[in-house]
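**Q** Work the whole structure out from these sequences, hints included.
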Amino acid sequence: MHVVTASDQPSHPLLAGDSRSRLERWLAAEAGASRVTVSEDGRLGGGAISLNLAVTLEVEGGPFAGSHACVLRAEGGGRISASIGKLREFAVLRVAFEAGVMAPEPLIACDDPAILGRDFYIMRRAEGLGAGHAVTRTEAAQPELARALGRQLGLLHRVGPETPGLERLAEAPDCPAQATLSQFRQWFGELARRDPVIAWGLRWMEINAPAPGAVVLCHRDYRTGNYLVKDGALTAILDWEFAGFSDPMEDLGWFCARSWRFRRPDREAGGIADREDFYAGYEETSGRRIDPVRVAYWETAAYLRWAAVAVEQGNRHSSGAEPSLELALTGRMLPEIEMDLLRHLRAIGRTASGAVEKVA
Amino acid sequence: MRNTSDACGLLEIAAATFRTDVLAHVAPEARYAALMVANALAIVERELKGGDAAGRSMLAALAPFYGEDADDGLSGEDLRQRVEALQHRLCIEIAAGDFDHDGRDLLADSLEAMVQAQLGISNPKALG
Chain A
1 MHVVTASDQP SHPLLAGDSR SRLERWLAAE AGASRVTVSE DGRLGGGAIS LNLAVTLEVE
61 GGPFAGSHAC VLRAEGGGRI SASIGKLREF AVLRVAFEAG VMAPEPLIAC DDPAILGRDF
121 YIMRRAEGLG AGHAVTRTEA AQPELARALG RQLGLLHRVG PETPGLERLA EAPDCPAQAT
181 LSQFRQWFGE LARRDPVIAW GLRWMEINAP APGAVVLCHR DYRTGNYLVK DGALTAILDW
241 EFAGFSDPME DLGWFCARSW RFRRPDREAG GIADREDFYA GYEETSGRRI DPVRVAYWET
301 AAYLRWAAVA VEQGNRHSSG AEPSLELALT GRMLPEIEMD LLRHLRAIGR TASGAVEKVA
Chain B
1 MRNTSDACGL LEIAAATFRT DVLAHVAPEA RYAALMVANA LAIVERELKG GDAAGRSMLA
61 ALAPFYGEDA DDGLSGEDLR QRVEALQHRL CIEIAAGDFD HDGRDLLADS LEAMVQAQLG
121 ISNPKALG
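Chains A and B, in that order, are what the protein sequence lines are.
With UniProt numbering as the guide, the letters of the first sequence map in order to residues 1 to 360.
With UniProt numbering as the guide, the letters of the second sequence map in order to residues 1 to 128.
Bear in mind the hints are in silico, worked out from the structure with no lab data behind them.
Among the hints, a few may not be true.
Simulated coverage check for chain B against chain A, where a stretch passes if three residues somewhere in it have a Cβ under 8 Å from a Cβ of chain A [what the hints assert, rightly or not]:
no.: 1; region: 37-49
no.: 2; region: 94-105
To give an idea of the interface, some chain B residues facing chain A are shown, with a C-beta separation under 8 Å as derived from the structure [to be verified]:
no.: 3; residue: S57
no.: 4; residue: Q81
no.: 5; residue: Q87
no.: 6; residue: H88
no.: 7; residue: L119
For each residue, glycine too, the CB sits at the ideal point set by N, CA and C.
**A** What follows is the structure in C-alpha cells.
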C-alpha cells in the first residue's frame, strides 16, 4: 500500500451501486454520528492480496466529528494460505498500535457481508513512499531509517501470546522451526519431490532447526516495500496480513533476505543499510540480543516461504482461479528465489559456527 | 499442423515491435502492465529458443550423480521427462539424508547449475 493514485474513474466496484450508502449508514451508526459521507481518493498500490482504497470520511456529529483521511482495506480476490483474514489482521493492528508500534491507527472492522459483501476494516491513512525500488534508490545508506525499523520491530516483539486481543490468532507453536517446516511441507506438497532446490532447503531446515526459544507476535512480512518513508523518516509499518506467533528472529531473517533489497543487494538490511544498524535499533527496544545463527536459519526459511508464496501465486493464475499476468510472472520468479537461497546456504556454510542448540 | 519455427519468428517480431514501437507510447497508468507483457513475451521467446539447451545444461548438472542416465542426445519432450525423472530421484535422496554429511559441495554446485539454466530463461539479468 503505497502511493495514492489520482483517479477520475468511477467508483471502485466495492463501493459501486448501493454499497457506498450502506457503508455510510453503517459507519454513522457505529460512530454515533448523524451522518457519514465516504469519498474515494483512489486505489492504493501494493494490493496483490488485499484491496486498499484511499477514502475520506466526513463525519457529522458524535465523538468522531470531522474529516478523516483513511484507508479501507478489504479481502482481495483470492486469499493465499499464509494470510490471516481481515478481522484477525485488524486485531493484530490494534495490539501493535497499542504497543507503540508505528502502525496505522485501526478504526473499525466489519464482518457483516450485508455491508460490502466481504470483510474489511478502516484505518487512518499514513503518508509516505513505500515502493521498494524507490526506498532503496538513495545514493547514501540510510542507517537511521534501518535503526528506526529495528526499534519498531523490537517494540512489536515485546508482545507475547498471552496479550489480550490476540485470541483468534493461531495458537503459539511450541517449536516455531518445526511448525514452520511442517507448514512449508504442506504448502509445497508434491513440488518438494520434483524440485531438488526446494527439497534441499526443507532438508536443511530440518537438520538445522534451532531448539525452541522465545515466541512472540511476529509481523511475518516485515520488509522494505511494506513501510512508508517521508523525508527519509519512517511514517508507518504496513501490511499485517501474515502476522502470527513465532521465533522473533524470523522477522529479522525476512527483513534481511536478499529478496527485499531491491536496488541495493549490497545493503543487507532491506537494501537501505548494514545489518548492524538494524540490529542495534532492535536490541534497543526488544530487550533481547540478536542471535545471528538463528537469524541465518530464519533467512533460509524466508527464501522458502517466499518461494512457496510465489508458487501459490503462480498457481492462482495457472489453475484458472484468477487469471492474471502479474500472478503468472510471480510464479516465474521461483528460480530467482532459489538462487538467493543457494547463495545464502553457501555463505552460511562457509561461516557455520554450529553455535545454536539444535532440535535434532 | 503447426510450424514451430514460424511461431518463434512471429513471436520474436511481435515482441521486438512491442518493445520498440509500442512501449514508449503507452500511457503511464498502463506502463506497468505493458512492461509485464514485454517481460512475458521475452520469457516465452527464450523458452522456445533455448528450452532444449537449458534442459541439457540441467542434465549435465545431474550427471555427477546419475551419469549413466544423463543422456545428452535427448531433446524435446524426452529430454524434459529425463530431467524430471532424475530431479525426482535427487529429491528422494536429499530427503532421505544422503547429503546431510557428505557431498554437500557437489550438491550445491549441481543445484546452482540447474537454477542457472532456468534463470537463463526466466530472468537472465539475475545470473550476474
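**Q** All hints are to be evaluated individually against the structure, with a verdict given for each.
**A** Consistency of the hints with the structure:
no.: 1; hint: 37-49; verdict: holds (count 4)
no.: 2; hint: 94-105; verdict: holds (count 6)
no.: 3; hint: S57; verdict: 13 Å, violated
no.: 4; hint: Q81; verdict: 12 Å, violated
no.: 5; hint: Q87; verdict: 5 Å, holds
no.: 6; hint: H88; verdict: 6 Å, holds
no.: 7; hint: L119; verdict: 5 Å, holds
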